[in-house]
Each structure stands twice: as C-alpha cells, then as structure tokens.
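K.L.:
Starting from the known structure of chain L, fit chain X onto it as the hints suggest.
Here is what each chain is made of, one letter per residue.
Protein chains: 2
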Amino acid sequence: MKITIKKARKKDFKKVLGLINELAKFEKLEPPGKKEAKRLFRDAFGEKAKFKILTAAEGKNILGYAFYFFTYSSFLAKPTLYLEDLFITERSRNLGIGKLFFKELLRIALKNKCGRMEWCVLDWNKDAIEFYNKLGAKPLSDWIYYRKVL
Amino acid sequence: MKITIKKARKKDFKKVLGLINELAKFEKLEPPGKKEAKRLFRDAFGEKAKFKILTAAEGKNILGYAFYFFTYSSFLAKPTLYLEDLFITERSRNLGIGKLFFKELLRIALKNKCGRMEWCVLDWNKDAIEFYNKLGAKPLSDWIYYRKVL
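Sequence order for the protein chains is L and X.
Reading the first sequence from the start, the letters are residues 405 to 554 in my numbering.
Reading the second sequence from the start, the letters are residues 405 to 554 in my numbering.
FYI, nobody ran anything at the bench for these hints, they're computed from the structure.
Even glycine gets a Cβ: it sits at the ideal position worked out from N, Cα and C.
Each hint should be verified, as a subset may be incorrect.
Claimed, not checked - With beta-carbon atoms standing in for the labels, derived distance ranges: (1) X:Leu-554 x L:Lys-439: 31 to 39 Å; (2) L:Lys-515 x X:Lys-415: 27 to 35 Å; (3) L:Asn-516 x X:Lys-464: 34 to 42 Å; (4) L:Lys-538 x X:Lys-432: 36 to 44 Å; (5) L:Lys-515 x X:Glu-451: 17 to 25 Å; (6) X:Gly-540 x L:Lys-406: 31 to 39 Å; (7) X:Lys-432 x L:Lys-411: 35 to 43 Å; (8) X:Arg-497 x L:Leu-499: 51 to 59 Å; (9) L:Leu-499 x X:Lys-415: 20 to 28 Å.
What the hints assert, rightly or not - Among the chain L residues that face chain X by a calculated CB cut under 7 Å, a handful are: (10) Ile-407; (11) Phe-417; (12) Phe-430; (13) Leu-433; (14) Arg-443; (15) Ser-478; (16) Cys-518; (17) Cys-524; (18) Asp-527; (19) Glu-534; (20) Leu-544; (21) Tyr-549; (22) Leu-554.
Unchecked claim - In silico DSBU-like cross-links for lysine-lysine, where the CA-CA straight-line distance does not exceed 30 Å: (23) L:Lys-454 x X:Lys-517; (24) L:Lys-456 x X:Lys-439; (25) X:Lys-414 x X:Lys-456; (26) L:Lys-432 x X:Lys-542; (27) L:Lys-517 x X:Lys-452; (28) L:Lys-438 x X:Lys-429; (29) L:Lys-439 x X:Lys-515; (30) L:Lys-452 x X:Lys-410; (31) L:Lys-507 x L:Lys-418; (32) X:Lys-452 x L:Lys-442; (33) X:Lys-507 x L:Lys-439; (34) X:Lys-517 x L:Lys-438; (35) L:Lys-429 x X:Lys-517; (36) L:Lys-439 x X:Lys-418; (37) L:Lys-419 x L:Lys-530; (38) L:Lys-454 x X:Lys-530; (39) L:Lys-442 x X:Lys-429; (40) L:Lys-515 x X:Lys-438.
Chain L on its own, in the form it takes in the complex (with noise of 0.2 Å):
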C-alpha cells in the first residue's frame, strides 16, 4: 500500500501520541501523561496551535509522525524550519519514509521561506546521524546546547 504524508488531524492524535510514547522510551526519556496529552491535543489542533504534526500514514495505518514549528534566524533575517521530533515505528523503518518526511518538510521550509532546517539528534542514534549526514545536514559542533528547566 502507498505510503503518504499528511498533515495530522484530530482524530489521527491517539495514534500520534502512541508514536510519541514509542519515541520516548527509544530515547529513555519520560513520555507525555494524561494532562500532557490533552495539553499536546490543545495545542496542536486548538486555535492558538503551537507546533504543526505530519504523519506518515499507510492507509488507516500511522507508521509514523514529523512534530514541527518554526524559529527564527536573527542575521539571516529568515524563519528556520525546527524539527522537534522526527520518528517512524520500527517495524516501518528502512523503508524511505524518513527521506518522504524531508521531502515533505523541505517543501514546507521553502514555502514559508526558511533559510535552514535544523533539529537536535542523541549522540549515540547511529543510525539517525548516518541518515541526516547523507542529507547534507552539518553538525553545529562549536556550538553547546543550554538548557534551564523552570
């Protein structure tokens, strides 16, 4: 069946959210609860939304979810396309649905007019760093990420 990216709707969230569970316990962080999930349904389908949501979807199927909004370069003068989280199920993987996501994304970064993509990787995700090296993305490795959690 043919693999398309879409923009996710509302009732496209409870599999979504599954997906983000899945991330986070790829990446050994803590998932989302119940409040923050009907905090992420608020913001991502209310009326003042915070962040975009693409999936990767195979008919009725989620196979996987691209979570996105935009920042802002201060000497490009430029909106920069930031991908917060970019993740496909295991068993969907390899089979070029992270390459249909950049397409995707790409496509969207140059209709609003961006001047970069960016979006941070765990430095031990191999596989994930081979695939955004082919891309032609460059690590920003003279520059710290801080972070001050309130």
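P.N.:
This is chain X only, laid out in the frame that chain L set:
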C-alpha cells in the same frame, strides 16, 4: 542612571540593529545586510511578529538586547522560551545586565507556562558559559545540533 529591561519599540530598531551587528562581529558570523534589516523590522513589529526583542535601556541609550521566541517540547507538552540572541555591548558588561535580562525572561517564561528556557552558546565563549552555569542551566552534552542550509 538606572538600567531597565523593556520591550523593544519601533524607534529602538536602529540601535538594536547596531547591537545585532556587534554580536555578529563578536561571534565571527555574517551580520544582517540591508535586505535582512528590512525583513527583521517587519518580522519584529509587523502584524505576524515572528520573535520578540527586549532591550536594556539606560535613558536613551540601549546597552544590550535579547531576542527570543517560543518553541515547544512534545514530551513536556509545554512551550519553551528559546533565547536566540543575548548581547550586551562591551563597555556595559559586568554591570549585572545579563542577570536583569534573565530575571525578565524567566518572568515571561513562567507567565507563558513554559517548562524550560533554552539557548546555544559558542564553545569558546567562556565568560558566557560561566554565567549560564551560575544560573543553574545545564549543557545538553548528549545531543548534537544539526542544520541543513536551504
């Protein structure tokens, strides 16, 4: 004279642009040119503002600026205040202006129910790194930041 942190207004733009140029020089990066400056003005003050700017004002002088926007954490299901630029002009460093900026940014982040503040720092910028460590921020040392230039 008292230093206060304020939202940038249209009339501040020229001075802020001067500081953005100073920061680019300091970071050995390409500063915005004339076209970029026009886009920055539109994206800062137009109907669909893409980022926000704070200034450190001392009377009519602007001693520094912070350039920020909101990103989003899928796992926390909360926005993140992302600090794209923080810059204080050389002669005004070590006066506590960085702390004033962070105090105001923290207030804004909490008001917007953010779970985190995040930013990047160049690995040779030891003064900034020391300042961020004192704030209780942590480097995300197991993540690699990737960029694809479009």
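K.L.:
Hint by hint, say whether it matches the structure.
P.N.:
So, going through the hints one by one against the coordinates:
Take Leu-554 of chain X and Lys-439 of chain L: their Cβ atoms lie about 37 Å apart, and the range 31 to 39 Å holds. For the hinted restraint 27 to 35 Å between Lys-515 of chain L and Lys-415 of chain X, the CB-CB distance of approximately 33 Å keeps it satisfied. A C-beta distance of roughly 37 Å is found between Asn-516 of chain L and Lys-464 of chain X, which places it inside the suggested range of 34 to 42 Å. A C-beta distance of roughly 29 Å is found between Lys-538 of chain L and Lys-432 of chain X, which places it outside the suggested range of 36 to 44 Å.
At roughly 19 Å, the beta carbons of Lys-515 of chain L and Glu-451 of chain X sit within the given window of 17 to 25 Å. Here the CB-CB span from Gly-540 of chain X to Lys-406 of chain L is close to 50 Å, at odds with the stated 31 to 39 Å. One distance hint, 35 to 43 Å for the beta-carbon pair Lys-432 of chain X and Lys-411 of chain L, holds here, with the actual separation near 40 Å. Evaluation of the 51 to 59 Å hint for Arg-497 of chain X and Leu-499 of chain L yields a pass: the beta carbon distance comes to about 53 Å.
The given range of 20 to 28 Å is broken by Leu-499 of chain L and Lys-415 of chain X, whose C-beta atoms sit roughly 55 Å from each other. Because the smallest distance between the Cβ of Ile-407 of chain L and any Cβ of chain X comes to about 22 Å, over 7 Å, the interface hint for this residue is violated. Because the closest C-beta pair between Phe-417 of chain L and chain X is about 12 Å apart, greater than 7 Å, the hint is violated. Hint on Phe-430 of chain L is violated. Least Cβ distance to chain X is approximately 12 Å, over the 7 Å limit.
The interface hint given for Leu-433 of chain L is met, as the beta carbon of that residue sits about 6 Å from the closest beta carbon of chain X, less than 7 Å. The interface hint given for Arg-443 of chain L holds, since its Cβ lies 4 Å from the closest Cβ of chain X, which is under the 7 Å cut-off. Hint status for Ser-478 of chain L: holds, given a least beta-carbon distance of 5 Å to chain X, under 7 Å. Because the smallest distance between the Cβ of Cys-518 of chain L and any Cβ of chain X comes to about 6 Å, under 7 Å, the interface hint for this residue holds.
Taking 7 Å as the C-beta contact cut-off toward chain X, the hint placing Cys-524 of chain L at the interface holds, the least distance being around 4 Å. At a threshold of 7 Å, the smallest CB-CB gap from Asp-527 of chain L to chain X is about 5 Å, leaving the interface hint in force. Violation of the interface hint for Glu-534 of chain L is found here, the shortest Cβ-Cβ separation to chain X being roughly 12 Å, above the 7 Å cut-off. Evaluation of the Leu-544 of chain L hint against chain X yields a held restraint, the C-beta minimum of about 4 Å falling below 7 Å.
Hint status for Tyr-549 of chain L: holds, given a least beta-carbon distance of 4 Å to chain X, under 7 Å. At its closest, the beta carbon of Leu-554 of chain L sits 6 Å from a beta carbon of chain X; the interface hint therefore holds under the 7 Å criterion. Among the hinted pairs, Lys-454 of chain L with Lys-517 of chain X is consistent with the structure: their alpha-carbon atoms are about 13 Å apart, no more than 30 Å. Restraint check for Lys-456 of chain L and Lys-439 of chain X: satisfied, since their Cα atoms lie roughly 29 Å apart, inside the 30 Å limit.
Restraint check for Lys-414 of chain X and Lys-456 of chain X: satisfied, since their Cα atoms lie roughly 12 Å apart, inside the 30 Å limit. For the hint linking Lys-432 of chain L to Lys-542 of chain X, the alpha-carbon distance of about 18 Å falls within 30 Å, and the restraint holds. About 14 Å separates the Cα atoms of Lys-517 of chain L and Lys-452 of chain X, which keeps this hinted pair within 30 Å; it holds. Taking the CA atoms of Lys-438 of chain L and Lys-429 of chain X, the gap is about 47 Å. The hint is violated against a cut of 30 Å.
For the hint linking Lys-439 of chain L to Lys-515 of chain X, the alpha-carbon distance of about 19 Å falls within 30 Å, and the restraint holds. Between Lys-452 of chain L and Lys-410 of chain X, the direct Cα distance comes to roughly 25 Å. Compliance with the 30 Å bound is thereby established for this hinted pair. Pair hint Lys-507 of chain L plus Lys-418 of chain L holds up; C-alpha atoms about 25 Å apart against a cutoff of 30 Å. Proposed proximity of Lys-452 of chain X and Lys-442 of chain L is supported: the alpha carbons are some 27 Å apart, at most 30 Å.
At most 30 Å may separate the alpha-carbon atoms for a hinted pair to count; Lys-507 of chain X and Lys-439 of chain L meet this at roughly 28 Å. At roughly 17 Å between alpha-carbon atoms, Lys-517 of chain X and Lys-438 of chain L fall within 30 Å of each other, so this suggested pair holds. At most 30 Å may separate the alpha-carbon atoms for a hinted pair to count; Lys-429 of chain L and Lys-517 of chain X meet this at roughly 25 Å. A hinted pair counts as satisfied when its Cα atoms are at most 30 Å apart, and Lys-439 of chain L with Lys-418 of chain X does not qualify at roughly 44 Å.
Using a Cα cut-off of 30 Å, the hinted pair Lys-419 of chain L and Lys-530 of chain L holds, with the two alpha carbons roughly 26 Å apart. For the suggested pair Lys-454 of chain L and Lys-530 of chain X, the alpha carbons sit about 34 Å apart, so the restraint of at most 30 Å is broken. Proposed proximity of Lys-442 of chain L and Lys-429 of chain X is contradicted: the alpha carbons are some 45 Å apart, above 30 Å. Distance check on the hinted pair: Lys-515 of chain L and Lys-438 of chain X sit about 23 Å apart at the alpha-carbon level, within 30 Å; holds.
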